[in-house]
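One letter stands for each residue in the lines below.
Protein chains: 2
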Amino acid sequence: MALSIALMGVLLVACGSADNLNTGSKSSNSSKTELTGQTDSGYYQGVIKNGHYQTSKSRGVSVSQVSNQLNIKGFENGLLNISKEEFSTKKYVFQEGQYLSTAKVENWLGRKSKSNPTGLNPKKGSPYVPNYLSQISEQDFMTENGRNLSLSGMTIGLAINSVDYYTKKTDGPTLEADISDAQVNKQGKAIAAKVLKRLRAQKALKNIPIVIALYKQASDDSLVGGNFFAYAVNDGGATKISKWTKVNQKNYVFPIQSGKKSPSKTDEDAFDNFKSQVQNFFPNLSGVTAQAQYSDGTLNGMKVSITTQFYSQTEIISFTQYLQQAAQKYLPSNAPIDITVQSTDGIQSFLSRNAGEKNFTSHIFNSY
Amino acid sequence: MALSIALMGVLLVACGSADNLNTGSKSSNSSKTELTGQTDSGYYQGVIKNGHYQTSKSRGVSVSQVSNQLNIKGFENGLLNISKEEFSTKKYVFQEGQYLSTAKVENWLGRKSKSNPTGLNPKKGSPYVPNYLSQISEQDFMTENGRNLSLSGMTIGLAINSVDYYTKKTDGPTLEADISDAQVNKQGKAIAAKVLKRLRAQKALKNIPIVIALYKQASDDSLVGGNFFAYAVNDGGATKISKWTKVNQKNYVFPIQSGKKSPSKTDEDAFDNFKSQVQNFFPNLSGVTAQAQYSDGTLNGMKVSITTQFYSQTEIISFTQYLQQAAQKYLPSNAPIDITVQSTDGIQSFLSRNAGEKNFTSHIFNSY
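Chains as they are written, first to last, in this note's numbering: chain A, 168 to 535; chain B, 168 to 535.
Note that these hints are calculated values from the structure, not bench results.
Treat the hints with care, since some could be wrong.
Since the list gives no way to pick one copy over another, a pair counts as held whenever it fits inside one copy or between any two copies.
[Said to hold, decoys possible] Listed below are the simulated BS3-like cross-link pairs for lysine-lysine, each with C-alpha atoms no more than 25 Å apart in a straight line:
| # | residue 1 | residue 2 |
| --- | --- | --- |
| 1 | K216 | K496 |
| 2 | K291 | K407 |
| 3 | K470 | K427 |
| 4 | K257 | K496 |
Use the sequences and the hints to build the structure in full.
Spelled out as C-alpha cells, the structure:
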C-alpha cells in the first residue's frame, strides 16, 4: 500500500478520454486526487493532489544546471516518447518523479568524493576528467486499481555530456572537454547499471518494470538538442541490465550549413525551395529555419521557425494563408510539421500538420 | 481598365476554397497575379504579384506613429470585421490599400497649415487644440472578372484619439489632452465627410461602394485596444454620408479592477473562478488575465493570457491538459476563446475554442 494513493475525491477526466472513471466533486477535501484530463491520446493524464499539480521531487534541478534549453526540452520530450512505447497513454497515468529527491539527484550528478560517496561522475583527476552525467529525469507510471493509483512502471532518463564545460579556477575562461561517442555510450551504460541497482534497493521500486534511456546532450551552442541513443527495459525484480536497444535518432538544422552532412538531399531541397518562396513574399527579408529529427534515416518531424517584420494585421493573415499553401506544396509530406511565425512582438501565427494529415491547420493570434 | 489587374499567371487557390479558379503555374513571369489561398472562410484571400505580396501603398505609417500596439491590431482586425459585413469573404479578394500613398496619409494625418493644406487635424491654436485623427487604414476589395481582378469596394478606417499626447517644447514633459466621447464622435464624422469627398475625386473610386468606419483609440496605458463606434456604407457615386450605423462595442480587461464597471457579473465571476483554479495548480503563482470584447452587451470573445514558470516539459503538458478542462468548466460558453500559455522563454502552449464549439483544441510547442 506504500505505492497507492487513495483517490478520495473523484477523478476529473476530460470528455472523450479513454479511462473515464467518475465525475463530479462532492467529496471531502482531504487528500483528494484528480487527473488533469487528456487533450489527446498522445499525452498522458497527470496527477493533481488537493487541487495542486504533483510536481517532481527533484523539480528544477535540470533548469538550474543545464544551459542549453534545447537539451532539456528534447530530453524530456524524447523520454516521454520512449515511455509511451512501454507504458500506453491509454492505460497509464503519468506522475512526475516522486522517488528521487532534489538532494539525491544533486548528489548523483556530482563527482564521487569522500563527502559525496553517491556521486555518479568520476573523481577529480589530472589531467582533467570530464563530468559525463548531466541530467537525471524520473517519470512514474501509475495504474488505477479501483479508487487507488498505484505505481506500475518507471522510466529513468540519463543525459550524458558530449562536451563538458569547465573552468580551471573561479572566473577563469570556460574550457571544453569533448567526449567521444564511444565514451558517451560506455559511460552512459555504466552509470545506468549503477542507477538500476540503486533504484531496486528502494522497496517501492523492487518489482516494477524500469526503463532506462540514454541521451547524448548537444553542445551549448547547438541549435538543436541532443538525441537518445539507447534504452533498456528492465522487468520487475531485474537488478542487472540484460539488453540495450539501440536508438538511431539525429537532429538537424535546416538550411544545412555548407560542408555539413545532409540527412536527405530531397528534404534539404524541399526546405530550400520553401525558404526561398517564403523569403520572396515580403519586400523585407524573413528568417526561415527549421529543426528536423530523423530516426533510422526517416524524418520524424520538422519545427519550422519564421521571423519577419509585419506592418499590419492583414499582412499576418495573408502571410499565414500563403504559408499554408507553400508548406503543403514544398515541405516534405508524411511527417508532422509545426510552423511558428514570429515578429519582435512575439508569436503572430502558427501552422501545424499532424502525421498522416494532408492539410495544415493554422491559428492567427490577435487581440482586442 | 485602370482598375483591373491582368491575371497573367494562374491563380493558386488553397484546397476547399470557395473561389477555385485555376491551378498550376505554367505562365510567363510578367506581372503574374496569384492569391494567397484561404485557410478558412473567415479570412479573405490576398493578392500576390510576381511572387511578392502586394503591400499597402501607405505601409508602415501606423506602426511608426501609434505607440500602443493594441490600437493598431484592434483597429485593423475590427475594420476587417466591418468589411466582412459588406464584402463577403467568399466573393471578394482582399488587397492592401493601393489608393492612399504614404505621403498622402502622412499629410492627411498632419495638422492643417499653409505648408500642409490637406491636413485633417486642426490648425495649431492656443490653448492647445488636440489632434483628433490618429490612423487611416484603406482596405481594397476586388472581384474576379474572368482573368482580371477589379476594384469593387473599399473600406476606410479612421482612428480618432481619445487622448492626444503632446509636448509644449522638444524634450518637454508629455502632456495629455483628453477628448470627450462627444468630440470623438463629432470630429470623426466631420473628418469622414471630407475623406469621402476626397476619395470620390479619384477617378477609380467614383463609383464603388465605400465603407467608412470610426474607431476610438484607447489611451497609451490601456491593456486593451480601442473600439469602433460607427460606420457608414456609401453606395457608388455618393459624395455625402447619408447614414451612420452605430456600433456598440467595448473591450474590458479581466480581472475587473475594483471600482471599475463590469460588463457582466456572470462573466466576471466565471473568469475569477477560472483564475483561482489555475493559480492553484502550481506552487508558484501564475499570472492570469484576459481581454474581453462585448457588442451590445454580448460577449464577442476572450483572449486569455497565462504566464507562469515551468520546470519541465511534462509540467507544460499537464498544465495544458488541465486548462482545457478548467476552461470548459469555468469560462463563458458560446463565445470564442483563445488561451495562450507563456513563460519567460515565450509561448509554451495555446488553447482555442471557436464560436459554437464545445471543446477546446490545444497545441503544445516543443522542439528537437
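Are any of the numbered hints broken by this structure? If so, which, sorted upward? Violated: hint 2 alone.
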